[in-house]
Amino acid sequence: MAPKYKFTYFKASVGRGELVRLIFAAAGVEFEDVRLEREEWRLLKETSPMGQLPMLEVGGQVICQSGAIFRYAAKETGLSGAAGWEEAQVDMFVSGMEDLTMKMYGVYFERDEAKKEEKKTALATFVPNFLRNYEKLCGSDGHLVGTSLTYADLAFFNGMDDILKKQPDALEKYPRLAKVVESVKANKGVATYIAERPETLL
Amino acid sequence: MAPKYKLTYFDVRSRGEPTRLIFAAAGVEYEDVRLSFEQWPPIKPTTPMGGLPMLEVDGKTLSQSMSIARFVAKETGLDGKNNLERALADAFVDEIHEPLAAKIPTLLAFTTDEKAKEDLAKEVDQLIAEKLGKCERNSGSVGHLVGNSLLWCDLVFYNIASYIEAYKPGTLQNYPKLAKVYATVKANPRIAKWLERPAGQYGV
Numbered sequence: 000m001a002p003k004y005k006f007t008y009f010k011a012s013v014g015r016g017e018l019v020r021l022i023f024a025a026a027g028v029e030f031e032d033v034r035l036e037r038e039e040w041r042l043l044k045e046t047s048p049m050g051q052l053p054m055l056e057v058g059g060q061v062i063c064q065s066g067a068i069f070r071y072a073a074k075e076t077g078l079s080g081a082a083g084w085e086e087a088q089v090d091m092f093v094s095g096m097e098d099l100t101m102k103m104y105g106v107y108f109e110r111d112e113a114k115k116e117e118k119k120t121a122l123a124t125f126v127p128n129f130l131r132n133y134e135k136l137c138g139s140d141g142h143l144v145g146t147s148l149t150y151a152d153l154a155f156f157n158g159m160d161d162i163l164k165k166q167p168d169a170l171e172k173y174p175r176l177a178k179v180v181e182s183v184k185a186n187k188g189v190a191t192y193i194a195e196r197p198e199t200l201l
Numbered sequence: 000m001a002p003k004y005k006l007t008y009f010d011v012r013s014r015g016e017p018t019r020l021i022f023a024a025a026g027v028e029y030e031d032v033r034l035s036f037e038q039w040p041p042i043k044p045t046t047p048m049g050g051l052p053m054l055e056v057d058g059k060t061l062s063q064s065m066s067i068a069r070f071v072a073k074e075t076g077l078d079g080k081n082n083l084e085r086a087l088a089d090a091f092v093d094e095i096h097e098p099l100a101a102k103i104p105t106l107l108a109f110t111t112d113e114k115a116k117e118d119l120a121k122e123v124d125q126l127i128a129e130k131l132g133k134c135e136r137n138s139g140s141v142g143h144l145v146g147n148s149l150l151w152c153d154l155v156f157y158n159i160a161s162y163i164e165a166y167k168p169g170t171l172q173n174y175p176k177l178a179k180v181y182a183t184v185k186a187n188p189r190i191a192k193w194l195e196r197p198a199g200q201y202g203v
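From first to last, the protein sequence lines are chains A and B.
Using numbering that gives the first Met the number 0, the first residue of the first sequence is number 0, and each one after it goes up by one.
Using numbering that gives the first Met the number 0, the first residue of the second sequence is number 0, and each one after it goes up by one.
Think of the hints as simulated: they come from the structure by calculation, not from any bench.
Don't take each hint at face value.
Derived lysine to any residue pairs resembling SDA-like cross-links, with alpha carbons at most 25 Å apart [claimed, not checked]:
1) B/K43 / A/Q166
2) A/K102 / B/K73
3) B/K130 / A/T76
4) A/K44 / B/K43
5) B/K133 / A/P48
6) B/K102 / A/T120
7) A/K119 / B/A101
8) A/K44 / B/T46
9) A/K102 / A/Q166
10) B/K73 / A/T76
11) A/K3 / A/E75
12) B/K133 / A/T120
What follows is a set of in silico ranges between Cβ atoms, one per label pair, in the way DEER data are often shown [to be verified]:
13) A/K164 / B/G58: 26 to 32 Å
14) B/G26 / A/E195: 33 to 39 Å
15) B/G76 / A/D161: 18 to 24 Å
16) A/N128 / B/E195: 39 to 45 Å
17) A/K172 / B/L34: 27 to 33 Å
18) B/R33 / A/V33: 34 to 40 Å
19) B/K80 / A/D161: 49 to 55 Å
20) A/N128 / B/E37: 28 to 34 Å
Residues on chain B that point at chain A, a partial pick, calculated with CB under 7 Å [said to hold, decoys possible]:
21) T46
22) M48
23) D89
24) K133
25) E135
26) P168
Because the structure is a prediction, the values reported are computed rather than measured.
By construction, the Cβ of each residue, glycine as well, lies at the ideal position given by its N, Cα and C atoms.
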């Protein structure tokens, strides 16, 4: 029987698609993982609901907007945290990660050299403050919220992936956050997925 | 005893108003704390993530405007009937709220330099056309973006739409389904009452 969920995004490994894939992987839930080349997307774009990716198809309906998708996927797979306050906290951490990722993309995609340097400097100030806040709010047993894996942990891991590749000791001063990254890496589904995923430029 | 909610934001609509609209639509009381920009610096380090809005509930604090709005929507039953409806509502919120929630009031009230104003207006015009186009394409046709009853996405949309109408009156006429959503929200008795309040000290 075909998987219930069909996820379509670009081939890029990081970025907005990857968190969705990590959620399904961590939960051990099968999904159709469609990865498009830019050219293939160009042909599909006009007929798609919002003219953008990623999109998730389920039961004949289409959901767009990465935030809506990963929130939905997390709920469907039980990785959104206990309903009510815990769920809101998970949401909060994930939204906060968006701030970090947007700044990182800002640097990566900036063509103008002078502006790029400016943005790099701004990022260098932003990141320690950001991590300090998160460390303060983070739980102490390897999870940002609660006592078991939520997609906040996956979002943090995904967001930090790039930073940690360049600076493996980036979380040295943030033991709780470092523990979160370890917990995620230790998840069987995530470990398998990461070992097998294609390496890409971005 | 019902939970006590305290919302803290600046005395503007922008990122705080969606939550205020949700409380209003649900008829749920809350403390609506509004700061002037001068009051902000000493308060900043006491907030979870160094930003506003924040929501305090039973001694705990939540940050991130849409996490707050989503939480209040859930608490008041305005988030959607099932996971799929909630996701569709989320998609509209993600599309329409940022970055216009801050860019339009900045354009209307907080940019004085002529060149900066011109550049920002160009950017805002492009965002409005793009986002209203997408939302119109996907909106329901009975006065609600999703489903057939008021959800928080209608209120998040209303907040942006009212800024758009303040900036360029008549824009919504080109988007009939969205115009219907706008009218439906405005006509909601609790929202209508809320909208009678005078504007905040900055006028946006």
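Hints, verified against the model:
1. B/K43 / A/Q166: violated (29 Å)
2. A/K102 / B/K73: Outside the cut-off at roughly 30 Å; violated.
3. B/K130 / A/T76: violated (30 Å)
4. A/K44 / B/K43: The given pair, whose Cα atoms are some 43 Å apart, is violated under the 25 Å limit.
5. B/K133 / A/P48: holds (8 Å)
6. B/K102 / A/T120: holds (24 Å)
7. A/K119 / B/A101: holds (24 Å)
8. A/K44 / B/T46: violated (42 Å)
9. A/K102 / A/Q166: With Cα atoms ~17 Å apart, A/K102 and A/Q166 stay inside 25 Å; holds.
10. B/K73 / A/T76: holds (19 Å)
11. A/K3 / A/E75: With a Cα-Cα distance of about 11 Å, the restraint between A/K3 and A/E75 holds, given a limit of 25 Å.
12. B/K133 / A/T120: Roughly 35 Å separates the two Cα atoms, so the pair is violated.
13. A/K164 / B/G58: 26 to 32 Å: violated (39 Å)
14. B/G26 / A/E195: 33 to 39 Å: This hint is violated: roughly 52 Å between Cβ atoms.
15. B/G76 / A/D161: 18 to 24 Å: Since the Cβ atoms of B/G76 and A/D161 sit about 40 Å apart, the hinted range of 18 to 24 Å is violated.
16. A/N128 / B/E195: 39 to 45 Å: For A/N128 and B/E195 the Cβ distance comes to about 41 Å; the hint holds.
17. A/K172 / B/L34: 27 to 33 Å: With Cβ atoms ~32 Å apart, the hint holds.
18. B/R33 / A/V33: 34 to 40 Å: At roughly 47 Å between Cβ atoms, A/V33 and B/R33 fall outside 34 to 40 Å, so the hint is violated.
19. B/K80 / A/D161: 49 to 55 Å: Hint violated: Cβ distance 38 Å, outside 49 to 55 Å.
20. A/N128 / B/E37: 28 to 34 Å: violated (22 Å)
21. T46: violated (9 Å)
22. M48: holds (5 Å)
23. D89: This interface hint holds because 4 Å falls under the 7 Å limit.
24. K133: Since chain A brings a Cβ to about 5 Å from B/K133, closer than 7 Å, the hint holds.
25. E135: This interface hint is violated because 11 Å lies over the 7 Å limit.
26. P168: Given a least distance of 27 Å, the restraint on B/P168 is violated.
The structure is inconsistent with the numbered hints 1, 2, 3, 4, 8, 12, 13, 14, 15, 18, 19, 20, 21, 25 and 26, although it conforms to all the rest.
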